[in-house]
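Chemist: For reference, the chains in residue letters:
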Amino acid sequence: MRVLVVGYGPAAHRFLETLRERGFGGTVTVVGEEPRPAYDRVALTSYLSGKSADDLTYPVPEGVTTLLGRRIVAIDRESRTATADDGSVTPYDVLVLATGSAPFVPPVPGRDLPGCFVYRTIEDLDAIRAAAAHATSGVVVGGGLLGLEAADALRGLGLATHVVEMSPWLMPRQVDEGGGAVLRGHVESLGVRVHAPSGVAEIAGGDRVEGLVQPDGSVIAAQVVVFSAGIRPRDELARSAGLAVGERGGIVVGETLRTSDPAIYAIGECALVNGMIYGLAGPCQTMAEVAADQITGGRATFTGADMSAKLKLLGVEVAQFGAMGGALDVTYMDPVAGVYKKLFVSDDAATLLGGICVGDAGPYTSLKPFVGKPLPAAPSDLLFTGGGVALDIPDDAQVCSCNNVTKGAIGAAIADHGLTDVPGIKACTRAGTTCGSCVPLLKQILVKSGVEVSKALCEHFTQSRAELYAIAQVRGISTFSQLIAEHGTGRGCDICKPAVASILASLGNGHILAGEQAALQDTNDHFLANLQKNGTYSVVPRIPGGEITPEKLIVIGEVARDFGLYTKITGGQRIDLFGARVEQLPQIWRRLVDAGFESGHAYGKALRTVKSCVGSTWCRYGVQDAVGLAIMLELRYRGLRSPHKIKAAVSGCARECAEARGKDFGVIATELGWNLYVGGNGGFKPRHADLLAADLDTDTLVRTIDRFLMFYIRTADRLQRTSTWLEGLDGGLDHLRSVIMDDSLAVCADLDAQMDRHVSGYFDEWRATIDDPDKLRRFVSFVNAPGVPDPSISFEIEREQIKPVLLEAGPR
Amino acid sequence: MIDTLLPDALYWTPVCHLADLMPERGAAVLVGGRQVALFRTFSGDLYALDNRDPYSGAYVLSRGIVGTRGAEPTVASPMHKQVFSLVTGVCLDDEEVSVPIYPVRVAADGTVLVTMEVSVV
Ligand code: SRM
Ligand SMILES: Cc1cc2nc3c(=O)[nH]c(=O)nc-3n(C[C@H](O)[C@H](O)[C@H](O)COP(=O)(O)OP(=O)(O)OC[C@H]3O[C@@H](n4cnc5c(N)ncnc54)[C@H](O)[C@@H]3O)c2cc1C
Ligand code: SF4
Ligand code: FES
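Going down the list, the protein sequences come from chains A and B. Here the working numbering is used: position 293 in the first sequence is 293, and no number is missing along the way. So the number in the working numbering is just where the residue sits in the second sequence, counting from 1, plus 812.
Hints listed in this document are in silico derivations from the structure and should not be mistaken for laboratory results. Be careful, since some hints might not be right.
Taking lysine-lysine and the DSSO-like style, the derived pairs with C-alpha atoms no more than 27 Å apart in a straight line are [what the hints assert, rightly or not]:
1. LYS552/A / LYS893/B
2. LYS426/A / LYS455/A
3. LYS893/B / LYS803/A
4. LYS310/A / LYS448/A
5. LYS51/A / LYS312/A
6. LYS533/A / LYS51/A
7. LYS893/B / LYS685/A
8. LYS645/A / LYS893/B
9. LYS893/B / LYS448/A
10. LYS310/A / LYS426/A
11. LYS373/A / LYS448/A
12. LYS775/A / LYS645/A
13. LYS312/A / LYS893/B
14. LYS455/A / LYS893/B
15. LYS893/B / LYS51/A
16. LYS373/A / LYS893/B
17. LYS533/A / LYS893/B
Take the sequences, apply the hints, and build the full model.
Modeler: Structural data, given as structure tokens:
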């Protein structure tokens, strides 16, 4: 049997792969109009951010003959042959049309001017990139999924970017009006101007595009216009061959994907199945599998597909699953954080019908498998906790919609093949290989299935951070070389070296730059300062509790002035001095140390700050001395190295002006003492801290924090904040309480002793460095020219202070 | 080995003493206005790469963490952690990107010498 495939996009590729997997014995030929084999169109935009065409292109399955750069222009159904635009004729027994779709360009005057583009192929992107080099501003016509992706691309190419959208809000197919408003906020905050409802009346310009005229006559000046106003199935070939096509386009097929001619199939975006065109990669690939199954004698059918989508556009998560309406709905909206989540449920509030998320797609991952099933919890709880809830997903629920893989299939693959990681699941089931949005769920399923998930720190150590900590502690290992020689392989990397350096420091092995330890440190710890984008460093002196005398403020001002540093008040209640070259660091520290300052460890995975409110000393509501306690705690834990940074705060009353519940540990004053909260986080995934104990006296408070920190340091993973550590801790908060308050593991004496050693062993790293000529030697830009500053560093002035002159990235 | 492979006409610049280079760490030197990152591995081998991190444009590669990936000695850019081979200068996370490498050798007295290009004196 001779199979001929017309069109070589993702659908054709999956079709060819499936034929091969089924051991198909006939000859297979694919004709593609584009100059290369099929590539990952979903990831097209990454071509502009550094991926090459080769990176995106799929390998041609073995045994397939490819005819590239050729378009099929005619099909003769009588003689079963197809003719290409170069005159070549290919015979077939079975023909598969996988011609995809083409962007729709509205028939407005000026649409053909140079400077007008569509966004579909690698060649389109090459052309847009070339045009952008001579342009300052661009407009995208269409504010849907692809339009916003194109807008992100224009923005990435440095253009002032506009989007015109006909509907009153962006992404009308995926989100409702409320979600659209939140999305618009995000998009505009990135500098993209949204015009909606609006549209295009005309493209203005003489020889080239000069602007876009909106229906109200106003003009957006632009040299680049990208049309992204929808897609049209490419059915012209089928049409001229006399096959049935839909009224509004698309090649008519049944559930077997056969067209009106039984020898011809149509799959992917060109196919009209039960009156629907599927414009997403997932369903297109399912069609490809079904057609391949049919051709190899199988009985599979295509009965429709999930059109759920989760995307990250312009850095904003947007997701939609199931139905876009229902008898009842529950909405959670936080306009400040830019989060909008809505669930649709049946009229008895028992069944989940669908949902919309903007700004936080957590519910998508956890709830999509429950569409059409009983709600796993109260709707409002589900929305508030986002993705954090651990739900038991039913076996028949679809986990990966791109590849149509159920929870049951994944569970079976894990059990049958002894899989232990996500790459294994991907290879075995294809789940997670397309858009990637189901990967978090794959991880959850792995963990829940009870398999031993690989905890290896990196390629050099099979152990987890906690295991290495225990090994170093129990065996008294104090060097990386000994640890890797006896328990690892190779010579380490940027993952294990800093992690081991941190373990050795937590175990109290002296100055972090002593001996071999210096070579393990990330550049920040290596120079006891924070690396900035132009190769300079920032200096952050410790200001415990945020309290500082006028004299010390003056010293900071003088140092900044004398060394020409940019000065900013940080979010951590202290002052950051930016723009120091390495050879200036010791001189800056000398001045600061002489005035009584010490390192603030802004560079370290260590205690950062204990923020405080002004507390009972001044505030008319305060019930305890928040500043006094914050200073005491900051001095106690300064320099403590840990798996990730540690932040804390103390508030003088329940009004919580210090935002203590957003910290790794937070203390809030009560009439009777202190409430201790743990596991809070700002940053990437905010979490409010949980109340660990109430109304503690100061001594008990401090002991409890000591143990909390030491227990965390011993058992957490690398770069795991207390929030995720606590969420992953078996037994959760109750277990933590039993360990550090009731001593259920009989480790408290040990934890206490270790913290006491830390407190008494503390010394200032800056001072110890400037007092040690050996350590000072590395603070030069060039070892062969110690007096010469790095010539690549230069500054310009903005708002009366320095700012780095932008460096050009890319090869030289 | 490098010594015997290169023509005598190569112009070698002495840049520092071996003792100036910490094992498993880099240091920057200035050679004819160009910034070169020298690395000394655990086994004692020396390598010289251009100091410029092509991803950020900053001259910081000498401040990265030295290690291995498989058998290949490597340095990770301190800016955004892309890993480069010390032997070839190729970025192991994206083989399309690489940084220039330069010949380096140690004289009998421990002087480290670098050459930028083949230039007939
Ligand atoms: C300077 C400062 C911003 C400012 O101008 O205010 C800042 C600057 C940086 N932050 Fe931050 N963060 C600063 C306060 C915060 C805060 C607010 C706070 O501490 O109250 C947060 C949210 C609270 C939290 O951490 O839970 C914050 C959340 C982050 C995160 C996200 C952490 C997370 O768990 O998701 C990172 C990334 C990381 O650590 O992996 C980060 C990382 C960074 C780094 C280290 C990024 C880097 O690698 O270059 C920045 C370098 C500091 C420098 O060069 O000096 N910064 N950062 C603030 C310094 C505070 C200080 O005095 O030490
Ligand atoms: C920028 C962008 C981002 C996207 N992001 C997502 C996403 O996040 N998630 C998602 O699910 N989907 C996404 N999509 C959609 C997804 O790429 C498509 O659903 C998928 O490519 C459809 O595959 P296909 O093979 O049916 O069609 P196509 O990819 O259009 O392939 C058809 C091929 O056939 C060729 N052809 C047509 N006619 C002929 C002929 N007569 N002779 C020879 N060759 C011919 C065409 O040149 C083309 O190469 C995105 C699309 C784009 C453009
Ligand atoms: S938290 Fe309470 S004590 Fe502290 S400043 Fe605010 S109101 Fe005053
Ligand atoms: S849902 Fe897209 S890869 Fe799984």
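Chemist: Of all the hints numbered above, which does this structure not satisfy? Sort the numbers upward.
Modeler: 1, 9 and 16
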